[in-house]
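Undergrad: Make a model of the complete structure from these sequences and hints.
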Amino acid sequence: MPVRDIKISAKLPLNQKRILSTWWPLAASWLLITVEGPLLAAFIARTANPEINLAAWGIAFPIVLLLGSPALALLPTSTSFSKDVHSFRKLLNFSLVLVAILTSLHAAIAFTPLYGILVKGLLGIPDELFEPARTGLRILLPFIAAVGVRRLIHGVLIRFGFSRSVTISSGIRLGIEAVVLVIFFQFFPDVEGIILASATFTAGVFGEAIYAVLRVKPILRNQLSNAPPPESPLTIAPILDFFTPLVLTILIGVTVQPMVAAALSRMPDPVSSLAIWPIIIGMLTVFTSAAHAYVEVVVVLLDEPRSLRVFHRFTMKLGLALIVFLFLFNVTPISLYWFRDVLALPEYLVVEARRSLWIMSLMPGLAVFDSLSSGTLMNGRRTRGITLAILLSLICAFLLIIGGIAIGSWSGITVCLLALAIGGFLRSGMLWYAGRSVRQEILRRDANVTQN
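The sequence shown begins at 223 in the working numbering and counts up by one.
Keep in mind the hints are simulated off the structure, nothing from the lab.
Among the hints, erroneous ones may be present.
Taking lysine-lysine and the DSSO-like style, the derived pairs with C-alpha atoms no more than 27 Å apart in a straight line are [claimed, not checked]:
| id | residue 1 | residue 2 |
| --- | --- | --- |
| 1 | K439 | K305 |
| 2 | K539 | K239 |
| 3 | K439 | K312 |
| 4 | K305 | K239 |
These numbers were taken from a predicted model, which means no experiment stands behind them.
TA: In C-alpha coordinates, the structure reads:
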(Lines of atoms letter the chains of each structure in order from A and count residues from 1; the text may use other names and numbers.)
(Lines give C-alpha, C1' and ligand atoms only; values in the text may rest on other atoms or scores of the structure.)
Protein backbone atom coordinates (compact mmCIF):
# COMPACT_ATOMS: atom_id res chain seq x y z
CA MET A 1 0.00 0.00 0.00
CA PRO A 2 1.61 3.31 -1.01
CA VAL A 3 2.44 5.84 1.65
CA ARG A 4 0.27 8.94 1.54
CA ASP A 5 1.92 12.20 2.52
CA ILE A 6 0.15 14.54 4.90
CA LYS A 7 -1.13 17.62 3.08
CA ILE A 8 -2.15 20.49 5.32
CA SER A 9 -5.13 22.44 4.05
CA ALA A 10 -4.82 26.19 4.33
CA LYS A 11 -8.59 26.40 4.89
CA LEU A 12 -8.46 24.63 8.23
CA PRO A 13 -8.08 26.84 11.32
CA LEU A 14 -4.82 26.31 13.13
CA ASN A 15 -5.17 24.17 16.25
CA GLN A 16 -2.93 21.90 18.29
CA LYS A 17 -4.06 18.83 16.36
CA ARG A 18 -2.93 20.41 13.12
CA ILE A 19 0.42 21.40 14.60
CA LEU A 20 0.80 17.83 15.81
CA SER A 21 0.00 16.37 12.39
CA THR A 22 2.64 18.59 10.79
CA TRP A 23 5.23 18.04 13.50
CA TRP A 24 5.17 14.33 14.24
CA PRO A 25 6.61 13.07 10.91
CA LEU A 26 9.50 15.50 11.30
CA ALA A 27 9.96 14.47 14.93
CA ALA A 28 9.99 10.82 13.88
CA SER A 29 12.66 11.61 11.31
CA TRP A 30 14.79 13.39 13.90
CA LEU A 31 14.33 10.53 16.35
CA LEU A 32 15.39 7.94 13.80
CA ILE A 33 18.53 9.88 13.01
CA THR A 34 19.43 10.72 16.61
CA VAL A 35 19.23 7.06 17.58
CA GLU A 36 22.03 6.62 15.07
CA GLY A 37 24.72 8.18 17.28
CA PRO A 38 24.20 5.98 20.36
CA LEU A 39 23.87 2.88 18.18
CA LEU A 40 27.13 3.61 16.39
CA ALA A 41 28.75 4.14 19.79
CA ALA A 42 27.38 0.75 20.86
CA PHE A 43 28.99 -0.96 17.87
CA ILE A 44 32.28 0.90 18.41
CA ALA A 45 32.25 -0.31 22.03
CA ARG A 46 32.22 -3.90 20.74
CA THR A 47 35.34 -3.51 18.58
CA ALA A 48 38.97 -3.73 19.66
CA ASN A 49 40.26 -0.81 21.77
CA PRO A 50 36.78 0.67 22.29
CA GLU A 51 37.96 3.57 24.45
CA ILE A 52 40.43 4.77 21.82
CA ASN A 53 37.95 4.38 18.97
CA LEU A 54 35.10 6.07 20.86
CA ALA A 55 37.39 8.98 21.67
CA ALA A 56 38.59 9.18 18.03
CA TRP A 57 34.97 9.29 16.84
CA GLY A 58 34.38 12.03 19.42
CA ILE A 59 37.12 14.04 17.69
CA ALA A 60 36.47 13.33 13.99
CA PHE A 61 32.71 13.73 13.92
CA PRO A 62 32.58 17.16 15.62
CA ILE A 63 35.22 18.44 13.19
CA VAL A 64 33.11 17.29 10.23
CA LEU A 65 30.03 18.89 11.76
CA LEU A 66 31.94 22.13 12.16
CA LEU A 67 33.12 22.07 8.54
CA GLY A 68 29.64 21.24 7.26
CA SER A 69 27.70 23.56 9.54
CA PRO A 70 26.86 26.09 6.77
CA ALA A 71 25.12 23.30 4.83
CA LEU A 72 22.83 22.68 7.80
CA ALA A 73 21.35 26.17 7.37
CA LEU A 74 19.97 25.15 3.98
CA LEU A 75 16.95 23.48 5.60
CA PRO A 76 15.34 26.60 7.16
CA THR A 77 16.44 28.66 4.16
CA SER A 78 14.78 26.26 1.74
CA THR A 79 11.67 26.01 3.93
CA SER A 80 11.32 29.79 3.85
CA PHE A 81 12.15 30.51 0.19
CA SER A 82 11.28 27.42 -1.91
CA LYS A 83 7.83 28.67 -2.91
CA ASP A 84 8.22 28.53 -6.71
CA VAL A 85 10.47 26.91 -9.29
CA HIS A 86 12.57 30.03 -9.92
CA SER A 87 13.35 30.45 -6.23
CA PHE A 88 14.22 26.77 -5.89
CA ARG A 89 16.63 26.89 -8.83
CA LYS A 90 18.30 29.94 -7.33
CA LEU A 91 18.68 28.11 -4.03
CA LEU A 92 19.94 24.98 -5.80
CA ASN A 93 22.74 26.87 -7.56
CA PHE A 94 23.63 28.60 -4.31
CA SER A 95 23.72 25.24 -2.50
CA LEU A 96 25.93 23.52 -5.06
CA VAL A 97 28.54 26.27 -4.87
CA LEU A 98 28.40 26.17 -1.07
CA VAL A 99 28.92 22.41 -0.70
CA ALA A 100 31.74 22.44 -3.28
CA ILE A 101 33.64 25.03 -1.23
CA LEU A 102 33.02 23.22 2.06
CA THR A 103 34.02 19.81 0.68
CA SER A 104 37.26 21.27 -0.67
CA LEU A 105 38.06 22.63 2.78
CA HIS A 106 37.26 19.24 4.33
CA ALA A 107 39.64 17.51 1.90
CA ALA A 108 42.39 20.03 2.58
CA ILE A 109 42.24 19.33 6.32
CA ALA A 110 41.88 15.55 6.04
CA PHE A 111 44.66 14.96 3.51
CA THR A 112 47.24 17.70 4.19
CA PRO A 113 49.39 18.84 7.15
CA LEU A 114 46.58 21.19 8.13
CA TYR A 115 45.20 18.26 10.12
CA GLY A 116 48.19 18.20 12.46
CA ILE A 117 47.96 21.94 13.00
CA LEU A 118 44.28 21.65 13.85
CA VAL A 119 44.15 18.64 16.16
CA LYS A 120 47.53 19.00 17.85
CA GLY A 121 47.97 22.74 17.90
CA LEU A 122 44.38 23.81 18.58
CA LEU A 123 42.63 20.80 20.11
CA GLY A 124 45.65 19.25 21.82
CA ILE A 125 44.33 15.69 21.56
CA PRO A 126 46.36 12.79 23.02
CA ASP A 127 48.88 11.15 20.65
CA GLU A 128 47.05 7.82 20.63
CA LEU A 129 44.01 9.49 19.02
CA PHE A 130 45.89 11.33 16.26
CA GLU A 131 45.83 8.73 13.46
CA PRO A 132 42.46 7.08 14.25
CA ALA A 133 40.70 10.46 14.19
CA ARG A 134 42.35 11.37 10.87
CA THR A 135 41.20 8.07 9.35
CA GLY A 136 37.62 8.86 10.33
CA LEU A 137 37.88 12.37 8.92
CA ARG A 138 39.01 11.03 5.54
CA ILE A 139 36.24 8.45 5.28
CA LEU A 140 33.64 11.13 6.10
CA LEU A 141 34.62 13.26 3.07
CA PRO A 142 31.27 12.84 1.16
CA PHE A 143 29.27 13.89 4.23
CA ILE A 144 28.97 17.63 3.51
CA ALA A 145 27.74 17.29 -0.08
CA ALA A 146 25.15 14.67 0.87
CA VAL A 147 23.85 16.70 3.80
CA GLY A 148 23.65 19.90 1.77
CA VAL A 149 21.52 18.30 -0.95
CA ARG A 150 19.33 16.54 1.59
CA ARG A 151 18.67 19.67 3.66
CA LEU A 152 17.78 21.71 0.59
CA ILE A 153 15.28 19.12 -0.63
CA HIS A 154 13.78 18.48 2.80
CA GLY A 155 12.92 22.17 2.96
CA VAL A 156 10.87 21.78 -0.23
CA LEU A 157 9.13 18.68 1.13
CA ILE A 158 8.17 20.47 4.35
CA ARG A 159 7.04 23.63 2.54
CA PHE A 160 4.60 21.68 0.35
CA GLY A 161 3.30 19.39 3.10
CA PHE A 162 5.17 16.18 2.30
CA SER A 163 6.62 15.75 5.78
CA ARG A 164 6.20 11.97 5.78
CA SER A 165 8.74 11.74 2.97
CA VAL A 166 11.30 13.22 5.35
CA THR A 167 10.59 10.39 7.78
CA ILE A 168 10.89 7.79 5.02
CA SER A 169 14.27 9.18 3.96
CA SER A 170 15.55 8.83 7.51
CA GLY A 171 14.30 5.25 7.65
CA ILE A 172 16.13 4.48 4.40
CA ARG A 173 19.29 5.96 5.88
CA LEU A 174 19.12 3.74 8.96
CA GLY A 175 18.33 0.72 6.79
CA ILE A 176 21.45 1.31 4.70
CA GLU A 177 23.52 1.71 7.85
CA ALA A 178 22.17 -1.55 9.26
CA VAL A 179 23.20 -3.38 6.07
CA VAL A 180 26.69 -1.86 6.18
CA LEU A 181 27.11 -2.87 9.83
CA VAL A 182 26.07 -6.44 9.07
CA ILE A 183 28.56 -6.59 6.20
CA PHE A 184 31.38 -5.31 8.39
CA PHE A 185 30.73 -7.69 11.28
CA GLN A 186 30.16 -10.64 8.93
CA PHE A 187 33.13 -10.21 6.62
CA PHE A 188 35.48 -7.81 8.48
CA PRO A 189 35.13 -8.70 12.19
CA ASP A 190 38.49 -7.15 13.10
CA VAL A 191 37.73 -3.72 11.63
CA GLU A 192 38.65 -0.73 13.78
CA GLY A 193 35.71 1.03 15.41
CA ILE A 194 36.48 4.42 13.87
CA ILE A 195 36.47 2.89 10.36
CA LEU A 196 33.24 1.04 11.11
CA ALA A 197 31.43 4.16 12.35
CA SER A 198 32.71 6.54 9.65
CA ALA A 199 31.98 4.22 6.72
CA THR A 200 28.54 3.30 8.06
CA PHE A 201 27.59 6.92 8.66
CA THR A 202 28.82 8.07 5.24
CA ALA A 203 26.92 5.33 3.40
CA GLY A 204 23.68 6.14 5.23
CA VAL A 205 23.80 9.88 4.60
CA PHE A 206 24.69 9.40 0.94
CA GLY A 207 21.82 6.95 0.41
CA GLU A 208 19.39 9.33 2.09
CA ALA A 209 20.45 12.12 -0.27
CA ILE A 210 19.82 9.91 -3.31
CA TYR A 211 16.29 9.13 -2.11
CA ALA A 212 15.60 12.84 -1.49
CA VAL A 213 16.63 13.71 -5.06
CA LEU A 214 14.33 11.05 -6.50
CA ARG A 215 11.44 12.02 -4.20
CA VAL A 216 11.47 15.72 -5.03
CA LYS A 217 11.28 15.29 -8.81
CA PRO A 218 7.46 15.01 -9.04
CA ILE A 219 7.12 18.00 -6.70
CA LEU A 220 9.35 20.04 -9.00
CA ARG A 221 7.21 19.05 -12.00
CA ASN A 222 3.89 19.76 -10.28
CA GLN A 223 3.69 21.92 -7.14
CA LEU A 224 6.77 24.06 -7.75
CA SER A 225 6.29 24.46 -11.50
CA ASN A 226 2.61 25.38 -11.05
CA ALA A 227 3.23 27.80 -8.18
CA PRO A 228 2.70 31.45 -9.14
CA PRO A 229 5.96 33.29 -9.79
CA PRO A 230 7.03 35.87 -7.21
CA GLU A 231 6.37 39.54 -7.82
CA SER A 232 10.11 40.07 -7.86
CA PRO A 233 12.46 37.16 -8.66
CA LEU A 234 14.55 35.87 -5.78
CA THR A 235 18.11 37.17 -5.81
CA ILE A 236 21.21 36.31 -3.86
CA ALA A 237 20.86 39.33 -1.55
CA PRO A 238 17.79 38.20 0.46
CA ILE A 239 19.14 34.65 0.53
CA LEU A 240 22.38 35.82 2.10
CA ASP A 241 20.57 38.18 4.46
CA PHE A 242 18.53 35.26 5.81
CA PHE A 243 21.18 32.54 5.44
CA THR A 244 24.29 34.23 6.83
CA PRO A 245 23.05 34.76 10.42
CA LEU A 246 21.84 31.15 10.48
CA VAL A 247 25.23 29.93 9.29
CA LEU A 248 26.93 31.94 12.00
CA THR A 249 24.45 30.53 14.51
CA ILE A 250 25.06 26.93 13.48
CA LEU A 251 28.80 27.51 13.20
CA ILE A 252 28.92 28.94 16.70
CA GLY A 253 26.77 26.11 18.02
CA VAL A 254 28.79 23.37 16.34
CA THR A 255 32.02 24.75 17.82
CA VAL A 256 30.72 23.56 21.18
CA GLN A 257 31.78 19.98 20.51
CA PRO A 258 35.37 20.74 19.43
CA MET A 259 35.60 23.28 22.27
CA VAL A 260 34.49 20.69 24.79
CA ALA A 261 36.82 18.08 23.28
CA ALA A 262 39.73 20.51 23.66
CA ALA A 263 38.71 21.27 27.26
CA LEU A 264 38.32 17.61 28.18
CA SER A 265 41.80 16.93 26.78
CA ARG A 266 43.17 19.43 29.31
CA MET A 267 41.33 18.18 32.40
CA PRO A 268 41.78 15.09 34.59
CA ASP A 269 41.32 11.64 32.95
CA PRO A 270 40.94 12.98 29.39
CA VAL A 271 40.51 9.66 27.56
CA SER A 272 37.60 8.54 29.77
CA SER A 273 35.92 11.94 29.50
CA LEU A 274 36.35 11.99 25.73
CA ALA A 275 34.94 8.46 25.53
CA ILE A 276 31.75 9.31 27.44
CA TRP A 277 31.24 12.73 25.83
CA PRO A 278 29.79 11.48 22.49
CA ILE A 279 27.54 9.05 24.36
CA ILE A 280 26.02 11.76 26.57
CA ILE A 281 25.60 14.14 23.64
CA GLY A 282 24.02 11.35 21.63
CA MET A 283 21.49 10.63 24.40
CA LEU A 284 20.65 14.30 24.83
CA THR A 285 20.17 14.62 21.09
CA VAL A 286 17.68 11.75 21.20
CA PHE A 287 15.63 13.45 23.92
CA THR A 288 15.76 16.86 22.22
CA SER A 289 15.12 15.58 18.69
CA ALA A 290 11.40 16.31 18.93
CA ALA A 291 12.22 19.92 19.80
CA HIS A 292 14.56 20.36 16.83
CA ALA A 293 11.81 19.18 14.48
CA TYR A 294 9.57 21.93 15.85
CA VAL A 295 11.42 24.86 14.24
CA GLU A 296 10.25 24.29 10.67
CA VAL A 297 6.67 23.75 11.87
CA VAL A 298 6.72 27.20 13.48
CA VAL A 299 8.25 28.78 10.36
CA VAL A 300 5.54 27.36 8.07
CA LEU A 301 2.41 27.64 10.26
CA LEU A 302 3.00 30.86 12.20
CA ASP A 303 1.75 32.82 9.18
CA GLU A 304 -1.79 31.71 9.95
CA PRO A 305 -4.22 33.85 11.98
CA ARG A 306 -4.34 33.42 15.75
CA SER A 307 -1.46 30.95 15.63
CA LEU A 308 0.76 32.35 18.38
CA ARG A 309 -1.40 31.32 21.35
CA VAL A 310 -1.92 27.86 19.89
CA PHE A 311 1.84 27.44 19.56
CA HIS A 312 2.39 28.60 23.14
CA ARG A 313 0.05 25.92 24.48
CA PHE A 314 1.59 23.21 22.32
CA THR A 315 5.09 24.28 23.38
CA MET A 316 4.29 23.96 27.08
CA LYS A 317 2.86 20.47 26.66
CA LEU A 318 5.68 19.22 24.46
CA GLY A 319 8.43 20.67 26.66
CA LEU A 320 7.01 19.16 29.84
CA ALA A 321 6.57 15.78 28.14
CA LEU A 322 10.21 15.65 27.05
CA ILE A 323 11.47 16.54 30.54
CA VAL A 324 9.34 13.76 32.03
CA PHE A 325 10.63 11.25 29.46
CA LEU A 326 14.27 11.99 30.33
CA PHE A 327 13.49 11.80 34.06
CA LEU A 328 11.83 8.40 33.68
CA PHE A 329 14.70 7.11 31.56
CA ASN A 330 17.34 8.05 34.11
CA VAL A 331 15.45 7.14 37.31
CA THR A 332 14.44 3.65 36.18
CA PRO A 333 16.55 0.58 35.28
CA ILE A 334 16.12 1.48 31.62
CA SER A 335 19.22 3.68 31.76
CA LEU A 336 21.24 0.91 33.41
CA TYR A 337 20.19 -1.51 30.71
CA TRP A 338 21.02 0.97 27.96
CA PHE A 339 24.45 2.02 29.21
CA ARG A 340 25.56 -1.34 30.62
CA ASP A 341 24.01 -3.90 28.29
CA VAL A 342 23.30 -2.11 25.01
CA LEU A 343 26.30 0.23 24.92
CA ALA A 344 28.52 -2.22 26.86
CA LEU A 345 30.13 0.55 28.91
CA PRO A 346 32.40 -0.30 31.84
CA GLU A 347 30.72 0.14 35.22
CA TYR A 348 32.57 3.35 36.09
CA LEU A 349 31.38 4.96 32.83
CA VAL A 350 27.80 3.80 33.51
CA VAL A 351 27.81 5.68 36.83
CA GLU A 352 29.31 8.77 35.19
CA ALA A 353 26.79 8.68 32.33
CA ARG A 354 23.74 8.56 34.62
CA ARG A 355 25.10 11.38 36.77
CA SER A 356 25.82 13.47 33.67
CA LEU A 357 22.24 13.11 32.43
CA TRP A 358 20.91 14.56 35.69
CA ILE A 359 22.92 17.72 35.04
CA MET A 360 21.15 18.15 31.70
CA SER A 361 17.69 17.04 32.87
CA LEU A 362 15.89 20.29 31.91
CA MET A 363 17.54 20.69 28.51
CA PRO A 364 14.85 18.87 26.44
CA GLY A 365 12.14 21.25 27.66
CA LEU A 366 14.41 24.22 27.12
CA ALA A 367 15.06 23.03 23.55
CA VAL A 368 11.32 23.15 22.76
CA PHE A 369 11.13 26.70 24.07
CA ASP A 370 14.17 27.66 21.98
CA SER A 371 12.64 26.12 18.85
CA LEU A 372 9.50 28.24 19.25
CA SER A 373 11.60 31.39 19.72
CA SER A 374 13.94 30.56 16.82
CA GLY A 375 11.08 29.65 14.50
CA THR A 376 9.34 32.92 15.37
CA LEU A 377 12.47 34.90 14.49
CA MET A 378 12.89 32.98 11.21
CA ASN A 379 9.25 33.58 10.32
CA GLY A 380 9.81 37.30 10.85
CA ARG A 381 13.14 37.20 8.95
CA ARG A 382 15.01 38.40 12.08
CA THR A 383 17.65 35.68 12.12
CA ARG A 384 20.37 37.93 13.56
CA GLY A 385 18.74 37.67 16.99
CA ILE A 386 19.36 33.93 16.94
CA THR A 387 23.05 34.46 16.24
CA LEU A 388 23.46 36.90 19.12
CA ALA A 389 21.73 34.59 21.60
CA ILE A 390 23.86 31.58 20.62
CA LEU A 391 27.05 33.65 20.72
CA LEU A 392 26.41 35.02 24.21
CA SER A 393 25.50 31.58 25.57
CA LEU A 394 28.68 30.08 24.11
CA ILE A 395 30.83 32.85 25.58
CA CYS A 396 29.24 32.18 28.96
CA ALA A 397 29.92 28.44 28.69
CA PHE A 398 33.46 29.07 27.47
CA LEU A 399 34.30 31.26 30.46
CA LEU A 400 32.88 28.69 32.87
CA ILE A 401 34.91 25.92 31.22
CA ILE A 402 38.08 28.00 31.49
CA GLY A 403 37.33 28.38 35.19
CA GLY A 404 36.97 24.61 35.50
CA ILE A 405 40.30 24.04 33.77
CA ALA A 406 41.94 26.57 36.09
CA ILE A 407 40.57 24.82 39.17
CA GLY A 408 41.87 21.53 37.79
CA SER A 409 40.29 19.18 40.33
CA TRP A 410 36.75 18.77 38.97
CA SER A 411 35.66 16.08 36.54
CA GLY A 412 35.97 17.40 33.00
CA ILE A 413 32.60 16.08 31.87
CA THR A 414 30.87 17.64 34.89
CA VAL A 415 32.43 21.05 34.31
CA CYS A 416 31.54 21.08 30.62
CA LEU A 417 27.94 19.92 31.06
CA LEU A 418 27.28 22.43 33.85
CA ALA A 419 28.73 25.20 31.70
CA LEU A 420 26.55 24.21 28.75
CA ALA A 421 23.43 24.02 30.92
CA ILE A 422 23.97 27.50 32.36
CA GLY A 423 24.71 28.86 28.89
CA GLY A 424 21.52 27.20 27.64
CA PHE A 425 19.34 29.12 30.09
CA LEU A 426 21.01 32.36 29.01
CA ARG A 427 20.37 31.49 25.36
CA SER A 428 16.67 30.84 25.99
CA GLY A 429 16.20 34.19 27.67
CA MET A 430 17.98 36.01 24.87
CA LEU A 431 15.94 34.26 22.16
CA TRP A 432 12.67 35.12 23.87
CA TYR A 433 13.72 38.75 24.27
CA ALA A 434 14.89 38.98 20.63
CA GLY A 435 11.52 37.77 19.35
CA ARG A 436 9.36 40.29 21.20
CA SER A 437 8.95 42.59 18.17
CA VAL A 438 7.94 39.69 15.91
CA ARG A 439 5.37 38.50 18.45
CA GLN A 440 3.92 42.01 18.69
CA GLU A 441 3.59 42.18 14.90
CA ILE A 442 1.81 38.81 14.87
CA LEU A 443 -0.62 39.94 17.58
CA ARG A 444 -1.38 43.15 15.65
CA ARG A 445 -1.95 41.10 12.51
CA ASP A 446 -4.35 38.81 14.37
CA ALA A 447 -6.21 41.80 15.80
CA ASN A 448 -6.70 43.19 12.29
CA VAL A 449 -7.96 39.81 11.05
CA THR A 450 -10.49 39.65 13.90
CA GLN A 451 -11.77 43.18 13.16
CA ASN A 452 -12.15 42.43 9.46
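Undergrad: Each of the hints needs a verdict: does it hold here or not?
TA: How the hints compare with the structure:
no.	hint	result
1	K439 <-> K305	holds (15 Å)
2	K539 <-> K239	holds (13 Å)
3	K439 <-> K312	holds (16 Å)
4	K305 <-> K239	holds (25 Å)
In this structure, none of the earlier numbered hints is contradicted; all agree with it.
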